[in-house]
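Visitor: These protein sequence lines map, in sequence, to chains A and B. By numbering that gives the first Met the number 0, the letter at position 12 of the first sequence is numbered 11, and the numbering carries on one by one without gaps. By numbering that gives the first Met the number 0, the letter at position 41 of the second sequence is numbered 40, and the numbering carries on one by one without gaps.
Be a bit skeptical, because a hint or two may be false.
To be verified - Subject to a maximum C-alpha distance of 27 Å in a straight line, what follows is the list of computed DSS-like cross-link-like pairs (lysine-lysine):
| no. | chain 1 | residue 1 | chain 2 | residue 2 |
| --- | --- | --- | --- | --- |
| 1 | B | Lys422 | B | Lys518 |
| 2 | A | Lys1 | B | Lys266 |
| 3 | B | Lys215 | A | Lys24 |
| 4 | B | Lys220 | B | Lys205 |
| 5 | B | Lys271 | A | Lys22 |
| 6 | B | Lys518 | A | Lys22 |
| 7 | A | Lys1 | B | Lys223 |
| 8 | B | Lys205 | A | Lys24 |
| 9 | B | Lys271 | A | Lys1 |
| 10 | B | Lys518 | A | Lys1 |
| 11 | B | Lys518 | A | Lys24 |
The set of hints was computed from the structure by calculation and includes no laboratory data.
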Amino acid sequence: MKWLLVLMVLVVAALHQDFWFWKDKTLLFGFFPIGLGYHVMYSIVAALMMVVLVRCAWPSHIEAEAEAVNVPAVTEAAR
Amino acid sequence: MIPAIIVFVYLAIVLYIGIFAFRKGKKGSSEDFFLASRSLGPAVFLLSIFGTNMTAVAILGASGMAYERGIGVYGLMASASGLVIPLTIFFIGTRLWALGKRFGHMTQVQFLRDRWECGRIGTFISVLTALMLIPYIIIGVMGGGSTLKAISDGFVSYEVGGAVVAVVVMSYVFFGGMRGTAWVNTFQTLLFLCFGAIAFFLIAQKIGGFDVAMQKLLAMKPPKGPPTAQLLSRERIPMQEFFSYMFIPLSAIMFPHVAIMCLTAEKMSHFKRTVIFYPICIMLIWAPSVFLGVIAKSQFPALGPGETNEVIVMLLQRSTDPIIAGILGAGIMACVMASDSQILALSTIFTEDLFAYHGGRRRFGEKVQVWAGRIFVVAITVFAYVVALSLKNQASIFDVAIRFAFSGFASLAPVMLAALFWKRSTKWGALAAALWVTASVLFFWWLQESTAGIAPRPGQPPVDIWPQLGPLAGLFQRATRSVVNWGFLPVMLQCLVSAFLVIVVSLLTPAPSRATIDKYFPARERRGAFTGTDSVAVPAGAE
């Protein structure tokens with residue numbers, strides 16, 4: 000599972016380099032450049048990727064450790 | 000005049016929010032003043048951390064850059080940030096939050112000092128990050144002055160506009176501390192999310208439709224320079240530059256104001272919504288900014304480099320009635336005033352990393368520490384205003400400084416990654432990287448300034464600065480806008496060398512004590528006992 004998630008992040012990162020639209024001036028709906036449209040969609044894909052990471056790789060162990068702490072006492076002791 | 004009045008009303012609301020936050024705070028508590036008692040809820044946390052990152056440089060700079068370089072600016076800055084920043088918040092921000100809550104850290108440097116058992120190296124990193132942050136605060140005051148002047152059609156001068164913005168920001172940070180700053184950032188983010196969409200449609204209506212403007216861009220053939228049709232593609236952005244921009248968003252989590260903001264969440268689960276919605280928020284702000292920047296080329300085809308950052312303001316003024324222009328102007332002011340969290344971060348660094356660390360808190364008490372922080376807020380704002388006035392016509396100095404500061408913060412990211420994830424990393428590895436960051440930022444800045452005379456024209460390939468280096472000559476090239484290394488921006492080389500130094504120097508120097516390693520990397524059987532969960536035993540010392 001861990002490696003599938005790493006692969007997903009690498010694939011999404013690689014998709015950022017969309018050299019295939021580099022010189023394409025096609026206008027979507029007559030006014031929206033295709034290169035911009037691709038990257039707007041890319042932002043949505045990035046958000047979906049974060050949904051997957053939050054569901055499958057959330058570091059709940061560190062959350063549990065931190066939640067169990069008495070914050071004011073710790074802050075005082077740190078000083 | 001009407002737009003200026005609306006903007007002043009907006010400033011009054013912002014001031015009121017800050018003072019209201021003051022009433023809600025615990026008086027005399029440094030954790031409350033600097034971190035809002037680590038109590039921010041999910042919505043305020045998301046919107047304030049996002050608003051903190053959305054500065055005038057991001058919004059007005061993006062549209063100005065799109066005016067010159069086309070739609071590729073979105074991929075260059077926005078979609079790269081939409082991928083990298085949530086990842087850094089996910090992997091680094093959550094851990095900073097957890098360690099801050101467990102051990103009481105209030106700044107990045109407090110964590111680094113404790114993690115690597117070091118004092119002066121921490122001070123060095125603290126001063127380095129503070130110095131790299133100062134240009135942002137100055138440019139915020141400058142942006143406030145020039146935006147207010149533009150919105151009021153010159154009725155409010157640059158000097159008065161800058162002073163008004165400085166006083167408002169200073170006041171709500173002074174009174175409200177982190178709570179006031181977070182609430183104001185939330186309000187500002189909502190404002191520019193809403194009014195960005197309104198601006199988009201209003202401008203479309205007034206210019207006769209975006210399709211008309213796009214056709215105009217496709218047909219325009221300027222007497223000098225490349226055809227404007229290039230702006231609808233990425234032809235004006237070299238591939239290597241596009242790739243190296245992926246490294247720049249690493250800077251976000253290393254900005255002291257963003258890292259400190261990560262410590263303010265009430266629960267770690269608040270990070271979940273933040274990382275998921277961050278790319279969407281970026282898209283909602285940046286896609287209209289970049290698109291309108293390109294559209295502005297069809298409306299104002301001959302702006303000089305110093306004028307391009309005001310294209311959105313110009314479009315609004317020409318395209319809408321005064322009341323709408325005023326409301327939208329308030330939205331722009333919301334971006335310009337993002338220096339609040341940077342001022343507060345500098346104040347936190349000063350009081351926690353320097354004043355408290357060197358015994359100030361022990362000697363004078365917590366109340367005095369909070370007042371020292373407040374006095375620092377006033378001092379840094381006055382300093383920024385004086386510099387903004389005296390170097391009024393040299394804003395480009397700070398633009399350049401910010402560009403290099405981005406690279407500097409990005410190349411400090413390996414230091415934080417090593418501290419969080421690599422037991423064997425040492426303070427000497429961190430020092431080597433920090434020294435490299437300092438030297439490389441200064442070197443590339445000097446190289447850029449000293450080679451301005453040989454910069455090729457737009458569209459021309461980079462030229463070797465020192466051809467006598469033979470096969471290594473490509474390491475130092477001058478492109479149109481900046482120095483590059485084999486076509487890649489220096490930030491890439493800076494990050495890679497920084498990571499290399501952290502690794503190599505750490506391996507060559509003694510590891511931190513067993514006690515410190517155990518403190519930050521508890522073996523799983525102890526972790527299980529601590530949290531009451533099932534555990535798998537891992538031998539002590541296992542990497």
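Visitor: Next step is simple, just say for each hint if it's right about the structure.
Guide: Results for each hint:
1. Lys422/B <-> Lys518/B: Since the Cα atoms of Lys422/B and Lys518/B sit roughly 11 Å apart, the hinted pair holds (cutoff 27 Å).
2. Lys1/A <-> Lys266/B: Measuring from Cα to Cα gives roughly 25 Å; hence the hint holds.
3. Lys215/B <-> Lys24/A: The hint holds at about 13 Å.
4. Lys220/B <-> Lys205/B: Between Lys220/B and Lys205/B the Cα gap is close to 24 Å, so the pair holds against 27 Å.
5. Lys271/B <-> Lys22/A: Status violated; Cα separation ~37 Å.
6. Lys518/B <-> Lys22/A: violated, 53 Å
7. Lys1/A <-> Lys223/B: violated, 54 Å
8. Lys205/B <-> Lys24/A: Holds, at roughly 24 Å.
9. Lys271/B <-> Lys1/A: holds, 19 Å
10. Lys518/B <-> Lys1/A: Holds: Lys518/B and Lys1/A sit about 26 Å apart, inside 27 Å.
11. Lys518/B <-> Lys24/A: Violated, at about 56 Å.
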